[in-house]
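Q: As a plain string of letters, each chain reads:
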Amino acid sequence: MEILNALALFTNFVGLPALAYGSQLALGALGVTLIYAVLRFTFFAHGDLMAFGTMVVVLATWGLQAMGVGLGPLPTALLALPAGIAAAAGFTLLSDRWVFAFYRRQKAKPVVFMIASVGVMFLLNGIVRIVIGPDDQRFADGERFLFTVGDFRDWSGLDEGVAFRSTQALTIVAAVIAMAALFWFLQRTRMGKAMRAYSDEEDLALLSGVDPAKVVRTAWILAAALATLAGVLYGLDKSFKPFTYFQLLLPIFASAILGGIGNPVGAVVGAYIVAFSEVMVTYAYRKFAGYLLPEGAMPEGLLQLLSTDYKFAVSFVILVVVLLARPTGIFRGKVI
Amino acid sequence: MIRVENLVKTFGGLRAVDGASLEIAQGAITGLIGPNGAGKTTLFNVVAGAYAPDEGRVLLDGEDITGLAPHRLFDKGLLRTFQIAHEFSTLTVRENLMTVPPAQDGETLWNAWFQPSAVRARERAVREKADEVIDFLQLGHVADELAGNLSGGQKKLLELGRTMMTEARIVFLDEVGAGVNRTLLKAIGEAILRLNRERGYTFCMIEHDMDFIGRLCDPVIVMAEGKVLTQGSVEEVKADERVIEAYLGRGLKNRPARTRAPEAGA
Amino acid sequence: MSWLQGPARGPLLYLVMALLLALVGVAQSWNVALAILNMCLVSAVMALGANIAWGYAGLMNVGLMGFAALGGLAVVLAAQPPVPEAWSAGGLRLLGTGAALVASVAAIALVRARLAKGRLRALATVAMVVGAYALVRFLFDPATDAIEAVDPAVTGYLGGLGLPSATGWLLGGLLAAGAAWLIGKVSLGLRSDYFAIATLGISEIVIAVLKNEDWLARGVKNVTGLPRPAPYEVDLQASAAFVERAQAWGLDPAEASGIVVKLCYAALFAAVLGVLLWLAERALNSPWGRMMRAIRDNEVAAEAMGKDVVKRRLQTFILGSAVVGIGGAMMVSFDGQFTPGAYQPLRFTFLIWVMVIVGGSGNNWGSVLGGFLIWFVWIEAEPVGRWLMDAATAWAPEGNAFAAHLQEGAAHMRMIFMGAILLLVLRFAPRGLMPEKVRR
Amino acid sequence: MSVLIGETMTGGYGGADILHGCTIAVEAGEIAVIVGPNGAGKSTAMKALFGMLPLRQGQVRLRGRDITALSPQDRVKAGMGFVPQVRNVFASMTVEENLEMGAFLREDDFRETMEMVYGLFPILREKRRQPAGQLSGGQRQQVAVGRALMTRPEVLMLDEPTAGVSPIVMDELFDKIIEIAAAGIAILMVEQNARQALNIADRGYVLAQGRNHFTDTGEALMANPEVRRSFLGG
Amino acid sequence: APAQAEDVKIGVLLGYTGPIESLTPGMADSAELAMTEVNNAGGVLEGDMLVPVRADSTCIDAAAASAAAERLVTSEGAKAIMGADCSGVTIATLNNVAVPNGVVMISPSATSPALSSIEDGGFFFRTAPSDARQGAVLAEVLADKGVTEIAVTYTNNDYGKGLADSFQAAFEEKGGKVLLSAAHEDGKADYSAEVGALSATGAEHLAVFGYADQGGVGIIRASVDSGAFEKFVLGDGMFAESLIEAIGDDLNGTIGSVPWSEGEGADAFVAAAEAAGVDPDGSFRRESYDAAALIALAMQAAGSTDPKVFKDSVMDVANAPGEKILPGELAKALQILKDGGDVDYVGATNVELIGPGEAAGTYREYEVKDGAYETIGFR
Ligand SMILES: Nc1ncnc2c1ncn2[C@@H]1O[C@H](COP(=O)(O)OP(=O)(O)OP(=O)(O)O)[C@@H](O)[C@H]1O
Ligand SMILES: Nc1ncnc2c1ncn2[C@@H]1O[C@H](COP(=O)(O)OP(=O)(O)OP(=O)(O)O)[C@@H](O)[C@H]1O
Ligand SMILES: [Mg+2]
Ligand SMILES: [Mg+2]
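Protein chains in written order, with the working numbering: chain A, 224 to 559; chain B, 2 to 267; chain C, 646 to 1085; chain D, 664 to 897; chain E, 122 to 500.
Hints in this document: simulated from the structure, not taken from any laboratory.
You may find that some hints are simply not true.
Keeping only pairs whose Cα atoms sit at most 25 Å apart, straight-line, the calculated DSS-like set for lysine-lysine is [said to hold, decoys possible]: (1) Lys1082/C - Lys330/A; (2) Lys437/A - Lys839/D; (3) Lys239/B - Lys228/B; (4) Lys839/D - Lys254/B; (5) Lys557/A - Lys1082/C; (6) Lys557/A - Lys330/A; (7) Lys762/C - Lys332/A; (8) Lys77/B - Lys956/C; (9) Lys490/E - Lys459/E; (10) Lys130/B - Lys1082/C.
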């Protein structure tokens, strides 16, 4: 019983939150990794692209809610998702036409693309805030929980409860599916191979008959879709605020790099490592130990390895340590 | 001068060099041939310090140099070229060459900042030397071109040129001839001979052009599947049935169907 | 436009930059122009530092923020008066902790040197590291607690050495160089983006330490009122001679004092920038610079040509970081305060990168120009952005909901304008305003 | 009439012209070989024929149709195949994927062609699952040629296909090329193994400084003492 | 002869972009509401109209904030600055711009103790009360409720840290115990680590000293979702209607404190704001209104728009004696001052400037009941 309590406690405060947060990062990292894999640069505007796509979804959701359309227990935002994806894809395609295509023709270095993407980031940053404002926006509806702490306690008879939110479940499932799909797409499909070929050796890809325009277009559309999906799921779970989306960028990059950039599986694994290291290293294990240790042996201290002040630092320490052992990430990512 | 003992280098499950032992004699021009993928380049890389071997040792004049960093080996007079050209692409051809001489005055910041005249004097000497090499390799018209813009063959020449910029004791050439025009290659061969005779350079060269090998090398070492297959003079090796089977082949089976003579002109 | 490609391009662009600043002086005020100029100079120093690592050696240092912050910390440590109460409360114990730390590291090194490689050595190392950690924490925690308890609202830290402010710049360079040495040792084995993210991570760690270790520089409680290397405006205004002189020039004393103080800063900053630029140019155009560019282009070949790539990389990384540290120190001196919470990657890392790339990586003068231009735009984007928004909504009648909504977002036009300028400049100068020179 | 002809091609990489009115043509079932010193513009001429270089003057015609303005990928669609001199494999993709990329535009079943390539270069079958970037120099070259063979083009252009391959593989390759040409495909290649190449060539071009210096049958060029001395290494 | 009526520019220096960009528009609106009210009442002095000029402090970038302030003062000619917001940039702009140029600055939100002792030449005031007082108030509230153990989380800046420190000191003095005091960074994506650590203390109450639309709400949401805490104690930064909207019924039972004027001050502000179409709900909006109002009243009282003159009147209008002035009554106040009378500006937050010109503040103790803030009492 005590062991079960300890397990429930751990699941509730470490396991599930880290898994959900990891999945949120993973969806973002998949987009970053895709752009890197195909277009060979670090896309700084990804956080703000997530915000942009989500913004459109929020507006559309409000519209649907006003019309009384809904999905029952599921959030209405899922219904509005295509609108957000379309808008984000439209934006990326336009920005490619007006910005990135030029540097491709110039055969500019990756760092120039990167800085150009910082420019796009500034633009998106302003657009999103002018359209919807910098505030917190809520657009979640439907059932918030699959089961709450109380439900779980009643059901199991344990002292400790576990809560599981529907958005957490959605995010985890979406992350895994997106990873598998992207992996399959890049490895197995004709288009996926064309994309990898294009990224490896652009001129040679042309000589094989690959249509560069199509490759680039597909990459942007997929990235926009991933960004919007990531943004919406995050927003449903927490809330939508543009600044937070920008702040997501660093952990997302860390995840993608840690797993080995360019590799979808790496992005997801990296994301889970970042998330779990944040939560596990800073968790106070006192209560947990209390369940496992004999009666009355509850330790005095908090049994916290590091204070949460250093939570962000912890994930970066882990990042650096992992990179020292595997210099191109866990799954041996690309080096450009 | 160089002794390779039981060298093993694996990549994952693949044993690229699989217990090769060989010796390169002082003052000789040793040829290294073998089928594609025999492990020749990998062997070079291990000897030159680019890879650490899984097993075995490399001795230079009796001293164990296994696993020394490439720049340390360079200091000991061991030079190498790369099969796939490794030019400094945003430096000009001349700068590429001028980079090579070791321990240049201007390569420490202190001198660069506060000893300009000494640096300038040394630069002049290095530049002269570079221009000599450029002339020899017929690269004069591209001396100020970025090395990244050279043609495939020109890059190979530059590879070779770098080894001519400094006093070396032993030079490892990895297919310097591939992609180089045969007339020029002939001149290069003569230069190699001269360096060998006059300055006492020792050479070890990988090459697939048997004429070239034949003109320069003695002895020739044949590698296959990571091991040394045989060794001997060019004639001995050419006559070896195993070498013919694995490497040299027996000439063309087909004869081209000559159709028309080309139109004149153009 | 061909004259824009010739040798006159650089001077011309600098002239344009000077005109832009003069325009601000005339249209807004000279105080604004000088305030911008001073930060332009600081930004130029930071951009120069980033360019040394990137342009010379191809090292993507995305931890600029951390080095800038360390430079800032140095100003606190150099210029603030010491806090004797804090020293007596925990200073000795803290020094003892430091000694214990050094001793432990030495002991570990010794044991590792003595024992043969193997399981025993690994075990001993781990045991000693754990022991050392426990010991250090045992000494460290009470010491810092005692220090932080000394009047936490005002001090609660050890204070500095009470030296002149500008010594902090030198110390900032040294501190950043020391950190760079450590970081470089650990992470220079990594390639391109992996190295970048590692430096980014380490800079976040540096900031986390600065924010949370209050005994060092008060953490998020900030150190304010740092001594200045220039006179105070109020003192000038109080000086009769100054007021008289100002009035003789037909200037308002307050305005004149602001201008004079800013000019003092500008002179100091320009001197530092000048020296650094001279050293950087000299190095780049020497065989050393050629060697570094060779390493940047192809490290495998450079290594085979006898260049000690690892050492040279580390050297360049340290130099570049030190310059960023100096820039960070100058900025803190200019702001008059050290606020760890203010260090955000966007402002202190990526903006500097934008400066380097827009200016032209690999070209010192270009980076400096980039520092000037981008800082200028960063600041002037705000009024221009508002003005643009006003212009864009001028058509609308009073009370138009759409126009009102746009007006609410006027502040964010700043970002749009910033982005637009960045993209435009990069469009017309894809290799930077002053691209790396090809030495023929 | 030639299947592929580049007529009086003039152009370069943005700076000075590299090609100066150079003309290259090849006919169906014919093997044409370009030789010349390093930096003569041979690769540049090949790139120009394939539309990877803007021409200031001259035109490129495929079966009489002017294709000067066509993009490289459209020329592939029109039946041309090309193996560049450098950067001619997809380094992070496996050998098999490299070959598949060669057949990217083919709708039919290409397994047979792949078998043919594996038959020609047996080592590639062994290394099927290995990223091409990890191959030895000669093996990479085989992958590069194999990729182009997968296209089954009407005009096959090879830039130094034998650089770095062993003699036995070179022979196999030339055998195959003769076979392919015999099937009616036009073959244009640049070679520094010039004597072996001219041996099997129907037509040879000697290029120097971006200009045609000699144009004749392979045999005739081999017999020309000046050509031998200046370009073929005696 | 009466001087020509002219425009008096007032800088509104807040971080419109950056970490607290979501707080600032409401603050600026509230400040401008006060100015509009003054203008509708005929302006100050001889009908001089107050013209707000916004400038971006970015909240974090001291150099950018100084440049913006420099522009406000030396280019636009602002006579006073309503701002800045975050303590760091406030101190920088005060030292580098306001004091050198002799311009009055009233910050609605900078709570750092360092500002109390700064050499401001009498130009600096703030309507945000210092943290020390609030910490004591909250400790008292809890002690009265018999709470002896608590976990604390604060936003990792000088406001949060200062409040957490002063609260901890006061609480422990009363015999309570702070089991864990953990910082949280605003604007981060996820707070489950913090909540996990805090809940492991076993404390029943969680004190949150953050911002209602920043990390604070993230902490509360994560706590409620995981069942970590059900009872929250909130600092003033957390007081906002949006918090109740965001969290819903789970917030019931939460207690907290917020600077408030006893009586109708806050309600009057709500009424005045709503009448003008400004959202009255949000952090530091009342303080912003008060700051702007003080500027106007001080000008009127001093009979001058010269900051070097009217700086000395700020304390007078803010404190007794005089007629008490609530939000929406600025017209009346201006009239009284014109007539030579005396006012005691109470405003939305019961402004009472003490010592070096900062708010002493009364606090309203509230509890959330049925999704609404209910006043328990004032301290
Ligand atoms: N980095 C690597 N990873 C995996 N396998 C490798 C790597 N480098 C070489 N190999 C393999 O090792 C074997 C030997 O390669 P090596 O380059 O030494 O051949 P080589 O004898 O130089 O051939 P060539 O004549 O074609 O240049 C090859 O089968 C190659 O595929
Ligand atoms: N990308 C480029 N940019 C500028 N100049 C180039 C570029 N590529 C080649 N060149 C120049 O064009 C000339 C011809 O190059 P090309 O590659 O056509 O020679 P090549 O005849 O193929 O020689 P090789 O036998 O060495 O391959 C050379 O002088 C070279 O320096
Ligand atoms: Mg090889
Ligand atoms: Mg060529």
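Q: All hints, please: hold or fail.
A: Hints, one by one, checked against the model:
no.	hint	result
1	Lys1082/C - Lys330/A	holds, 18 Å
2	Lys437/A - Lys839/D	violated, 35 Å
3	Lys239/B - Lys228/B	holds, 18 Å
4	Lys839/D - Lys254/B	holds, 10 Å
5	Lys557/A - Lys1082/C	violated, 30 Å
6	Lys557/A - Lys330/A	holds, 19 Å
7	Lys762/C - Lys332/A	violated, 44 Å
8	Lys77/B - Lys956/C	holds, 18 Å
9	Lys490/E - Lys459/E	violated, 44 Å
10	Lys130/B - Lys1082/C	holds, 24 Å
Of the numbered hints stated above, those contradicted by the structure are hints 2, 5, 7, 9, listed in ascending order.
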